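Visitor: Chain residues, written in single-letter form:
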Amino acid sequence: MSSNNIKNVKELVNSLWKWTVDRLERTTIVVFKFTVPKQYVSPFGYLGTLTAIVFAILGVSGAFLMFYYRPDVELAFLSVQEIQEKVPFGYIMRNIHYHASNLMVLLAVLHLYYQYFSGRYKIKNEVLWVTGVILGVLTVLEAYTGYNLIMNQRALLAVNIGMGLTYSAPLLGPTIAPIFLGGGLFDLIIRFYALHVFILPLIMLLLAVVHFPRALVIDFPIISAVVGVIFISAGLFPAELGIRFDLTRGVVEVPEWYLTAIYAFLRAGTERFTAGALLPLLFVILFLIVPFVDRSKKLSWRDRPFFTALGVASIALVAITTVWGFYVDFSKETAFDQLYIEPTLFYGLIGGVTLSSFYVTYFYLSRQKRGQRPPPTRPIVLSSRASAVLMTTLLILVAGAVAGTFYTYSINLPNHSMFYLGVAFILFGLLLHIYRHTISVEERQKGAK
Amino acid sequence: MPPRRLLLRGVLTAALVAVVSPFVHVIDFFYRREAEGVKRQKIANMRDLTPGGFIYFSYPQTGDPKIDNDPFRQFVLIMTEDGQLRVYSRVCVHLWCLPSYIQTRRQLICPCHGSIYREEDGVAIEGPAAYQSYPTNALPMGKIEVDGNGDIWMVGVDGRIGYGREWHNIKPDELVRRV
Chain A
0 MSSNNIKNVK ELVNSLWKWT VDRLERTTIV VFKFTVPKQY VSPFGYLGTL TAIVFAILGV
60 SGAFLMFYYR PDVELAFLSV QEIQEKVPFG YIMRNIHYHA SNLMVLLAVL HLYYQYFSGR
120 YKIKNEVLWV TGVILGVLTV LEAYTGYNLI MNQRALLAVN IGMGLTYSAP LLGPTIAPIF
180 LGGGLFDLII RFYALHVFIL PLIMLLLAVV HFPRALVIDF PIISAVVGVI FISAGLFPAE
240 LGIRFDLTRG VVEVPEWYLT AIYAFLRAGT ERFTAGALLP LLFVILFLIV PFVDRSKKLS
300 WRDRPFFTAL GVASIALVAI TTVWGFYVDF SKETAFDQLY IEPTLFYGLI GGVTLSSFYV
360 TYFYLSRQKR GQRPPPTRPI VLSSRASAVL MTTLLILVAG AVAGTFYTYS INLPNHSMFY
420 LGVAFILFGL LLHIYRHTIS VEERQKGAK
Chain B
0 MPPRRLLLRG VLTAALVAVV SPFVHVIDFF YRREAEGVKR QKIANMRDLT PGGFIYFSYP
60 QTGDPKIDND PFRQFVLIMT EDGQLRVYSR VCVHLWCLPS YIQTRRQLIC PCHGSIYREE
120 DGVAIEGPAA YQSYPTNALP MGKIEVDGNG DIWMVGVDGR IGYGREWHNI KPDELVRRV
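Taken in order, these protein sequences are the chains called A and B. Counting in numbering that gives the first Met the number 0, the first sequence runs from 0 upward without gaps. Counting in numbering that gives the first Met the number 0, the second sequence runs from 0 upward without gaps.
Relax, there's no trap hidden among the hints.
Taking lysine to aspartate or glutamate pairs in the EDC-like style, the calculated list, with each CA pair at most 20 Å apart, reads:
| id | chain 1 | residue 1 | chain 2 | residue 2 |
| --- | --- | --- | --- | --- |
| 1 | A | K297 | A | E125 |
| 2 | B | K65 | A | E73 |
| 3 | B | K65 | A | D186 |
| 4 | B | K170 | B | D120 |
| 5 | B | K142 | B | D67 |
| 6 | A | K331 | A | E252 |
| 7 | B | K38 | B | E144 |
| 8 | A | K85 | A | E239 |
| 9 | A | K37 | A | E442 |
| 10 | A | K331 | B | E125 |
| 11 | B | K38 | A | D186 |
| 12 | B | K65 | A | D245 |
| 13 | B | K38 | B | D150 |
| 14 | A | K37 | A | E441 |
| 15 | A | K32 | A | D21 |
| 16 | B | K65 | A | D71 |
Calculated directly from the structure, the hints in this document are not laboratory data. All values derive from a computational prediction rather than experimental measurement.
Construct the entire structure; sequences and hints are all you get.
Guide: So, in structure tokens, the structure goes:
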């Protein structure tokens, strides 16, 4: 092809692109201002975007899982087993979906706390904040309905606790519970399926439209690393099938990690509705009303000792109850005793830890003098040659990791394969970062000349 | 607002309410009414039972094995020592396992965590179900009728299957009617 032809093709592509962009002006997409950062910015600032990207990954992997999954009380477990053991790539697809769900909950929680401590719920962001908290609750409900679809022992435990809680709600409980339960488990699974694949995601999408700020940061190196984290965690902790639900067999089970905090309260003999619904609801309400209580103009966590201490105390409470919910005392004989948590010890300890973390944070912050901010660290600037060497090295490493992915997959070691793929994605993110760094350095130097 | 405009608004609102009102019945869509036990179903005849005898059955029966085998439709009919009839849901109110009726002990015993229910009123006396507070420590009961031929009919369920009873403190005998 002559250079003239190439030029023509380039012009054609450019004009086509311009034509499309011009017409996009008429759509809502121009409302968003997408920023692709030219250099590293802290991902804490756009954890929300990362959560949304993981949500998209969940949507795609979940849609594919629907091809094989059967929402049927007898076939559900078998179909997940089929996906896991027989469907080509099914094991990995399920692991992507499962670990992305965990990561989404984790990112949402980190996002919440980062925004909380940096006071972002102020400055006219109240609507963003409130929709965000609701989205967080929906994320957990979405994850909950998802892991119940497997119909293993763990799912039955979670469904049982959920239905018990709904029934025990004053006044409305007995009216609401049958909406989910229908005529029995055969109805329940289809209803949970409808909730999981359509109703809840639809509500989440609609809320996300309100929740999205107009400026969105799309940072490809970090996105690549997030995908890498999904695969690495899948390789290290592959999703398990569990034991098929069997109504004649008692198995000690704990729920998924984002629900063990509630489980700990239930196990400590707290009244069911108080432990499983009222306390979590109070916790959520606390976050919902924060923007309307904290009316100071100050944003930084250092200047708001009370609310910072409250946030730290809530983290302490969540952390200790989450870990405790996992703990099973296998030295005891019956399943019931193995799971029983001594209430005086439980409430004494969580009360002590929560209050003391509040106290320590509050008094530390209110007594400290504002020192000078540390001087900004000088950014590392790579020379073109160093970048080239680094990028080539990374390319070799990425190639090695991808080769490892293929090789381990071919010898039937899918967990290793996922791990290697995760490493490859993280290294690719690093490579991408060094590339953009080098480009921006070169452009700056050009500008200086 | 001028009275004429007020009238127009009132008419509009009334019309809107009228048009929307039929949709209150949409709520019925979410319930499977038949599951709440409006069906009258023959379980057995008095001749089939002797004191200590029992029959497992599903209610309400549909003919679809998938639905009829659902744990939430499993019940047991028991004739107690003194000839009283009792029907209980077989779903343990602790973690939904299926307790079996043990004739020699005259109790329902859950295979999973060992909850034990009395045959005379279905209240848990041992195991994790017994630690739950009333009304969530007792198996839901079946409402039954015995007709002139000695046929035993199940006509409804008292309680929430997998959860417990209603708040009212009904005596088991009140659920057995002779017609």
